[in-house]
Amino acid sequence: MSEHIVSVRVYITIFLVLLVGTALTVLAAFIDFPWRLNTIVALTIAVVKATFVVLYFMHVRYSSRLVWVIVASALFWMGILFALTFSDYLTRDWISTQTG
Amino acid sequence: MRPIESFEVPAPPRVNYINAQYGLKSWLLTKDHKRIALLYLGSITFFFFIGGLYALMIRLELLTPQGDLLQSTTYNKVFTQHGIIMIFFFLIPSIPATLGNFLIPMMIGAKDLAFPRINLLSWYIYLLGGVITIYALLAGGVDTGWTFYTPFSTTFSNSYVVATGLGIFINGFSSILTGLNFIVTIHTMRAPGMTWFRMPLFLWSHYATSLIMILGTPVVAITILLLAFERVARVGIFDPALGGDPVLFQHLFWFYSHPAVYIMVLPSMGVISELIANFSRKNIFGYSFVAFSSLAIAVFGFLVWGHHLFVTSQSVYAGMIFSFLSFAVAIPSAIKVFNWTATLYRSSISYDTPMLYALGFIGLFTVGGMTGLFLASLATDVHLSDTYFVVAHFHYIMVGGALMGYLGGLHYWWPKIAGRMYPEGWGRFSALIIFVGFNLTFLPQFIAGYLGMPRRYHAYPPEFQVFNVLSTAGASILGFGMLIPAIYFVWSMRYGKHAESNPWHLPGLEWRTQSPPPTENFEVTPIVTWEAYEFAPREETEVVGKFRPELERI
Ligand code: HEM
Ligand SMILES: [Cu+2]
Chain A
1061 MSEHIVSVRV
1071 YITIFLVLLV
1081 GTALTVLAAF
1091 IDFPWRLNTI
1101 VALTIAVVKA
1111 TFVVLYFMHV
1121 RYSSRLVWVI
1131 VASALFWMGI
1141 LFALTFSDYL
1151 TRDWISTQTG
Chain B
722 MRPIESFEVP
732 APPRVNYINA
742 QYGLKSWLLT
752 KDHKRIALLY
762 LGSITFFFFI
772 GGLYALMIRL
782 ELLTPQGDLL
792 QSTTYNKVFT
802 QHGIIMIFFF
812 LIPSIPATLG
822 NFLIPMMIGA
832 KDLAFPRINL
842 LSWYIYLLGG
852 VITIYALLAG
862 GVDTGWTFYT
872 PFSTTFSNSY
882 VVATGLGIFI
892 NGFSSILTGL
902 NFIVTIHTMR
912 APGMTWFRMP
922 LFLWSHYATS
932 LIMILGTPVV
942 AITILLLAFE
952 RVARVGIFDP
962 ALGGDPVLFQ
972 HLFWFYSHPA
982 VYIMVLPSMG
992 VISELIANFS
1002 RKNIFGYSFV
1012 AFSSLAIAVF
1022 GFLVWGHHLF
1032 VTSQSVYAGM
1042 IFSFLSFAVA
1052 IPSAIKVFNW
1062 TATLYRSSIS
1072 YDTPMLYALG
1082 FIGLFTVGGM
1092 TGLFLASLAT
1102 DVHLSDTYFV
1112 VAHFHYIMVG
1122 GALMGYLGGL
1132 HYWWPKIAGR
1142 MYPEGWGRFS
1152 ALIIFVGFNL
1162 TFLPQFIAGY
1172 LGMPRRYHAY
1182 PPEFQVFNVL
1192 STAGASILGF
1202 GMLIPAIYFV
1212 WSMRYGKHAE
1222 SNPWHLPGLE
1232 WRTQSPPPTE
1242 NFEVTPIVTW
1252 EAYEFAPREE
1262 TEVVGKFRPE
1272 LERI
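Quick mapping for you: the protein sequence lines, in order, are chains A and B.
For the first sequence, the residue numbers in my numbering are 1061 to 1160.
For the second sequence, the residue numbers in my numbering are 722 to 1275.
A couple of the hints might just be wrong.
[Stated by the list, open to error] If we take Cβ atoms under 8 Å as the criterion, some of the chain A residues that face chain B in the derived model are: (1) 1137; (2) 1140; (3) 1141; (4) 1144; (5) 1145; (6) 1147; (7) 1148; (8) 1151; (9) 1152; (10) 1154; (11) 1155.
[Claimed, not checked] Here are some of the chain B residues that sit facing chain A, going by a computed Cβ distance under 7 Å: (12) 936; (13) 972; (14) 976; (15) 1023; (16) 1035; (17) 1036; (18) 1038; (19) 1039; (20) 1042.
[Stated by the list, open to error] Some residues of chain A that are not near chain B, with every Cβ distance over 10 Å (derived): (21) 1076; (22) 1097; (23) 1105; (24) 1108.
Because the hints were derived from the structure by calculation, they are not lab data.
Note that the Cβ used here is the ideal one computed from N, Cα and C, for glycine as well.
So that you can see chain A by itself, here it is in the shape it has in the complex (with noise of 0.2 Å):
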C-alpha cells in the first residue's frame, strides 16, 4: 500500500479552516436571513466544512480513482435519499384538503 504522508501543517490548516466554519455557523445563526436562506446559510457551510474534511482528513484527495467513484457514487446514493424526499417535501401543498 501506497500511503501519502500528508504534513502536519497540511493537518492544522484544515482543523483551523474547521475552526472557522463552526465560528462561522455560530455567528450566522445570531443573524435571521430573510426567505429560506438561513437553512441554505447554514448548510453551505456545512458543505464546505464536510469537504475539507473528505479531501484531506479522509485522504480522498491523495487516493485513487476508484476512490473518487466510490465517494461520486456515495454521493449520488444521497441524492436519491434528497430527490424523492424532496418529491414529498415540495409537493405536499400542490393539493389542498377540505379537512384543512
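Following the hints, put chain B with the ligands in place on chain A, whose structure we already have.
Just chain B with the ligands, lined up with the frame of chain A:
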C-alpha cells in the same frame, strides 16, 4: 467409488477445518471463514429461538378475542421484540453471514475472504449489538414496534428505546463489514478462469445484497442516532412539538428498511437459483437475466420506500411516484420467478429436501410479491394498511421466502459444512410439515386483514377469532416442523452418514474439494474452464436431459 488402491495404502487421516485445531480459543480467534460461518450459525440460531418464543406468545394471546394472557403494554413489547430480534438479529445476517461466509470463497476458488480479521470482527460486533439488545429486553424491553415511529419513540414511550437503538446501531456495522468483505472478495479473489459470468448465481445475489448493506445501513444508523438525540437531548427533528416532522423519520427509516427487506430476500433468491439449477440438472434459463435482476432489485429497491408512507401526510404526488416505482421493482422479481420456472421445464427434477424448499419458495414468494402490489396501489393500501393483510404479506416473503431459502440452503450444503448427511426422509417430512404449517398460519391472516382486523392489538372483535385460531394452530405445526431439522442437524453432526465430497454430483467448485473442506479450501488453486451449471458437454447443452455420464445421479 473409491479406487481399489485406497484399501491397500491406508489413507492419511483427513484434516479438515473442523478438526484442524481444537479448543475454545481456536474458535474464538479463528480467521477461517468457515469457522466464522459456524459461529454465526450458532448465534443466529440462538436469536431465532428467542424471536420464536415471542412469536409463540403473540399467537397464544391472539387465540382469544379478549386480552387475557398479556396486558396491552406487555403485548406491545412482545411484538416489537419479536420483530427486532427476527429482522436485525436473525434474517439480515442469516444467509449472508452463514452460507455466504462459508461458500463465497469456496465458490470462487479462493482460500478465504479478502479480510479474514474483519470477518471475525464483524461477528464480535454482531455479538456486542446482540448483548446490548438483550440487555434492553431484560431491563424492561421496548414497545415502539420494530419501526420506531416518532414521536412515540422519541417523546412518549417509556421503554428502553435508546438502549435497543444502540444495539441495532452497533449491529449495523457488522452488516456493513460483511458486505464490504464480500464485494472486495468477489472483485479481487476469483480463481483463474472464474469470470463474472461463470460465477454461480449465489454470488451475484450476494454481491447485490452487499451493495445494499453498504449503501443503506449507514442511513439507518444515522436515523437511530438522530432519534436518540431527540429522545435524550430534545433536539427537534421528528417531534412536531419541538418543530420537527415525524414523516421525516419514516422517510429516513424506510430508505434503509425497504432495501433491507431485499437484504433478507436476495441471498435467499441466490440459494434458490442454485437449488433450481442443480436439482433439475439444467443450466439456469437466462443466466444473465437472473444475474442482472439481482442488481436491478438492489438499485430499484432504493427507490420505492415511500410506499410505506401512503397513509401519512406524504404528498399524493410523491405517493404516485413511489407507487409506480414499486410496481417497477416487481419486474426483476418476476423475471427470476419466470426464469426458475422455465428452468424446471422439461428438466430432470429430483425431489430431495433442498428442492422441496426451493419449490415452496417459488410459490410463497409469488404470493408475497403479488400481495405487495395490492399494497403498492394507492387506493387499496388505504384499506389494507396497518391490517393483518400487511402482516401476512411480509411473512410470506420473509418466512415463506427468506427462511425457506435459508433452510433449503442449509440442507443442500450441510454435507459440505458438517461432512455428514442429514436424514433425507426426515428432511422431506419436515419440509412438508413446515410448508403446511406456514400456510395455515398466514393465509387466514390475509383474510382477517382484508376484513379489517388491525395489526398490533392484543384484543380484537370476536368475528375474527376463527382466523386467529387457524393461525395459531398453523403456527404450532410450523414450530413443530422446525424443531425436527433443529434436532436432526445436531444429531447428524455425530451420527449422520459420512458425506462424500460431492454427494449431489454437481459441477460447482465447492463440491470439488473434500467434505468438510480443509482450512485452505483447496489443495491447489482450481482453474475454471467451465460455465456455471454446466451439466452437459458444451455442444450438448441445448439437448435437454442429456448429461455427462459421470455426473449422472446413481
Ligand atoms: C414485490 C415487491 C414488493 C412490493 C411492491 C411491496 C409492497 C409493500 C407495501 C406497499 C407495504 C406497505 C403496506 C402498508 O403498511 O400499508 C409493504 C409492507 C411490508 N413489506 Fe413489502 N413489498 C414487496 C416486497 C417485499 C419484500 C421482498 C419484503 C421482505 C423481504 C417485504 C417486506 C415488507 C415488510 C416487512 C412490510 C411491513 C413493514 C411494517 O410496516 O412493519 N416486502 N410492502
Ligand atoms: Cu417496502
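Which numbered hints fail: none
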